[in-house]
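A.B. asks: Residues per chain, in single letters:
There are 4 protein chains.
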Amino acid sequence: MTEKTIVIAGNSGGLGHALQARFSAGGYHVVPVSRSGAGDLHADLRDARDTARLFESLDASKPLAGVIHNAMQFHRGAFLDTSPEVFEQVWRSMTLTAVNVAQQAIPRLRTNGGGCLIFSGASGSMRAGPQFSAFSSAKFALRGLAQSLAREHSSDGIHVAHTILDGLIWSDKTQQRFAGAQANSSMAAKDLAEVYWQLFHQAPSAWTHELDLRPMSANV
Amino acid sequence: MTEKTIVIAGNSGGLGHALQARFSAGGYHVVPVSRSGAGDLHADLRDARDTARLFESLDASKPLAGVIHNAMQFHRGAFLDTSPEVFEQVWRSMTLTAVNVAQQAIPRLRTNGGGCLIFSGASGSMRAGPQFSAFSSAKFALRGLAQSLAREHSSDGIHVAHTILDGLIWSDKTQQRFAGAQANSSMAAKDLAEVYWQLFHQAPSAWTHELDLRPMSANV
Amino acid sequence: MTEKTIVIAGNSGGLGHALQARFSAGGYHVVPVSRSGAGDLHADLRDARDTARLFESLDASKPLAGVIHNAMQFHRGAFLDTSPEVFEQVWRSMTLTAVNVAQQAIPRLRTNGGGCLIFSGASGSMRAGPQFSAFSSAKFALRGLAQSLAREHSSDGIHVAHTILDGLIWSDKTQQRFAGAQANSSMAAKDLAEVYWQLFHQAPSAWTHELDLRPMSANV
Amino acid sequence: MTEKTIVIAGNSGGLGHALQARFSAGGYHVVPVSRSGAGDLHADLRDARDTARLFESLDASKPLAGVIHNAMQFHRGAFLDTSPEVFEQVWRSMTLTAVNVAQQAIPRLRTNGGGCLIFSGASGSMRAGPQFSAFSSAKFALRGLAQSLAREHSSDGIHVAHTILDGLIWSDKTQQRFAGAQANSSMAAKDLAEVYWQLFHQAPSAWTHELDLRPMSANV
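From first to last, the protein sequence lines stand for chains A, B, C and D.
Take the first sequence: its letter number 157 is residue 143 in this note's numbering, and every next letter is one higher.
Take the second sequence: its letter number 137 is residue 123 in this note's numbering, and every next letter is one higher.
Take the third sequence: its letter number 212 is residue 198 in this note's numbering, and every next letter is one higher.
Take the fourth sequence: its letter number 76 is residue 62 in this note's numbering, and every next letter is one higher.
Here chain A stands alone, though its shape is the one from the complex (with noise of 0.2 Å):
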């Protein structure tokens, strides 16, 4: 099989690395994507002709095979608190470079044959609860965008899919983050990077849009 390519944009709570290693181990040329940039690809997704920049400069390398986008802007606080700025701000983070991936990836895609997008969602894209209204808005967002370009798109060989991660996954800064978090009631980000490896490479005859991801431990 040629190598193909696969971009791994933001790296939430250490899922972007576990991702790497998943498919790295299974023969993909990754290419991580982040706004520090701490290793990865530099690029800031929120700007179109940013993204654009970074697509291209894959071009010449192995064809893209699609994306993983968990590019995330954790915000909790009262709603009279978060200036529009800031509610902006959380959905340039989480949808707008969804949509800026997306629209880089598609026709890349599209020439290729196919390829798979998969957005990560959280439980904030379902129920939108008490302090999370930026959070919860820009979620529900995301998963409005995933829905459409699944239908629109799988036509073209494209699989969309969005995952709902309901709970933590388990990291330093997750440990420091959420006091009383611990590993066994959190998710281990190697056992969503197989989830996403096995949803990537679904059959076309079987292809899912939505599953939901939480720890044993956790109350459904």
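To be clear, the hints were calculated from the coordinates, so they are not data collected in a lab.
Virtual Cβ for every residue (Gly too), placed ideally from N, Cα, C.
Hints may contain errors.
[Stated by the list, open to error] Straight-line alpha carbon distances no greater than 30 Å define the calculated DSBU-like cross-link-like pairs of lysine-lysine that follow: (1) D:K176 with A:K176; (2) B:K48 with B:K(-10); (3) D:K(-10) with A:K176; (4) C:K176 with B:K(-10); (5) A:K(-10) with A:K48; (6) C:K176 with B:K176; (7) B:K176 with C:K(-10).
[Stated by the list, open to error] Below, a sample of chain D positions facing chain A; criterion: calculated Cβ distance under 10 Å: (8) R113; (9) Q117; (10) S141; (11) L178; (12) W193; (13) E196.
Based on the hints, put chains B, C and D in the right spot on chain A.
C.D. replies: Relative to chain A, chains B, C and D alone:
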């Protein structure tokens, strides 16, 4: 009863006028707001400062009872033909206007001992079809916002509702825009206005957060 | 207006009595039906023949305008402690009664030029929690039935609605059964009855199929 | 690894045979069960005692790892032409069989330190269309059951999943029953079986409760 003020933002398909008529008949001081401003108060609700200015200008008047938000920017088009700018515009028109309006209304309603916010959604708020990436993504985002506000501010006596308008509202514009639209398979703006009136006045022991509305003749 | 008949099946938490009062005040000939039959017409709606007998007995009276179905059998318990017989009983009480009632009502409403059927759901209709396998399974089943009937019979002028009662209805029985239930965090039956009245009389251009109801103080 | 037993109940559209092949290849002791019993173990899973007898007969064999439930009774027909008996039958075939099977399996899986139950749903599990009152009502009921079991028994190490098969499974029977069905717009049973295999073996830190499956060519 002291006369109270209601702000009606946007006039999608004549719904704004019908709401104006219904709430005026019911004794409210109705403040219609639109971007065009024809006969209405002019304000650009995509702009937080302009929205603040609007609500401040009403503070000398009757106390605020609530807001109905119909700000609407219909958009249908292939995803690959929808520029990120248009995608953002649609979100600004339908979601950010709701953020701005809610941030002005909620503190005032809290001071007044409660009130009601109604946000108008569409069938695209629940299911994102092909050609509706920008529209549905923004309508999903609005729904997430409304849900979070309901949960965050019900204890302040603020009733937040989200309607799902699953069909066309009958108007001259509808006739022009949608070939084949017919009065008897469309919704009458005055009938919708009656439901909004009822929602707005539900007793605190029985509040509806979400309801759908469609014409009898529609295949639901 | 010619007086019309409405059948109110079941009295869950006093809702039946409140509906009776509201529709009587509104000029209907109200026929309350319950298994116990205290003050009501007696019929076992789990039995198709008994249900047929009931509706036939009403045919000499005012024409049927609709039915409100609240037949309820609350059940909470560990799945492994719920015998298949109990599981079935709960389904018979809440779902099969709705089938039987709808099969009698629909042909009559069609003949009368239309009408309204309202089925009362619960929070367990949308989300099935632990200890609610029998209850939620039956409530999910009722929701599926209502949805199918709405789509199949709206063109006959029959408005089918499903309410999601997300909370307790305040009554003496509620106080006894649920320790800690309080009036101000429960729903008042008369407020619910008002919403049912409004639903029942929605104009054909703007029909609601589903709405939720909960007390202000509830975390929605 | 000790060989383990998996029970596969029902063969809807050839899915049973494909699951049998997949899990046999993966080293399981596969016990197919069907009402007809052709080549399978015969048991009437609508009957609690017969279901108990079946599971007891397996107790001497390899320990139980889980059950896949595909018991299916397709039914399409006008509501007014569907007798309460047929309505009940459809519920018995698709929901009560799941109750019976789960009541036998859960205590055994708990003893064995965990396991997996997969219930097969359909598009009608999520949206009840006209002519599908009996079918969708039963499929909704099955979904409610599965959801409650997932929440009640995940702490026992029991992974409960619900699949939404949104399309036809390709088989000779499909061809006969649905005029116009085509292989390339249907799902291949072996591809579905692969997804079930993956679901069945998800790591406890990342369990999926629900996923949809449809062919690429379907309008999702």
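A.B. asks: Tell me if the straight-line CA distance from K176 (chain C) to K(-10) (chain B) falls inside 30 Å.
C.D. replies: holds (26 Å)
A.B. asks: Is the hint on W193 (chain D) kept, meaning its closest Cβ partner in chain A is under 10 Å away?
C.D. replies: holds (6 Å)
A.B. asks: With chain A as the partner, please determine if R113 (chain D) meets the hint condition of a C-beta pair closer than 10 Å.
C.D. replies: With a closest approach of 14 Å, the R113 (chain D) hint is violated.
A.B. asks: Just to be careful, I want the Cα atoms of K(-10) (chain A) and K48 (chain A) compared with a cutoff of 30 Å; is the pair within it?
C.D. replies: Judged against 30 Å, a Cα distance of about 5 Å means the pair holds.
A.B. asks: Is the interface hint for E196 (chain D) satisfied, with its Cβ closer than 10 Å to some Cβ of chain A?
C.D. replies: holds (6 Å)
A.B. asks: Can the restraint linking K176 (chain D) and K176 (chain A) be considered satisfied, given a maximum Cα separation of 30 Å?
C.D. replies: Status holds; Cα separation ~27 Å.
A.B. asks: Can the hint on Q117 (chain D) be confirmed by a CB-to-CB distance to chain A that is less than 10 Å?
C.D. replies: violated (24 Å)
A.B. asks: Going straight from one Cα to the other, do K176 (chain B) and K(-10) (chain C) come out at no more than 30 Å?
C.D. replies: Holds, because 26 Å separates the two Cα atoms, which is no more than 30 Å.
A.B. asks: Holds or violated: the hint that L178 (chain D) contacts chain A, with Cβ atoms closer than 10 Å.
C.D. replies: It holds, given that the least Cβ distance between L178 (chain D) and chain A is near 5 Å, below 10 Å.
A.B. asks: Could you grab the alpha-carbon distance between K48 (chain B) and K(-10) (chain B) and see if it respects the 30 Å cut-off?
C.D. replies: holds (5 Å)
A.B. asks: Holds or violated: are the alpha carbons of K176 (chain C) and K176 (chain B) at most 30 Å from each other?
C.D. replies: The given pair, whose Cα atoms are some 27 Å apart, holds under the 30 Å limit.
A.B. asks: When the nearest CB of chain A is found for S141 (chain D), is that gap smaller than 10 Å?
C.D. replies: Check passed: Cβ of S141 (chain D) comes within 7 Å of chain A, closer than 10 Å.
Of the numbered hints given earlier, the model fails hints 8 and 9; all others are met.
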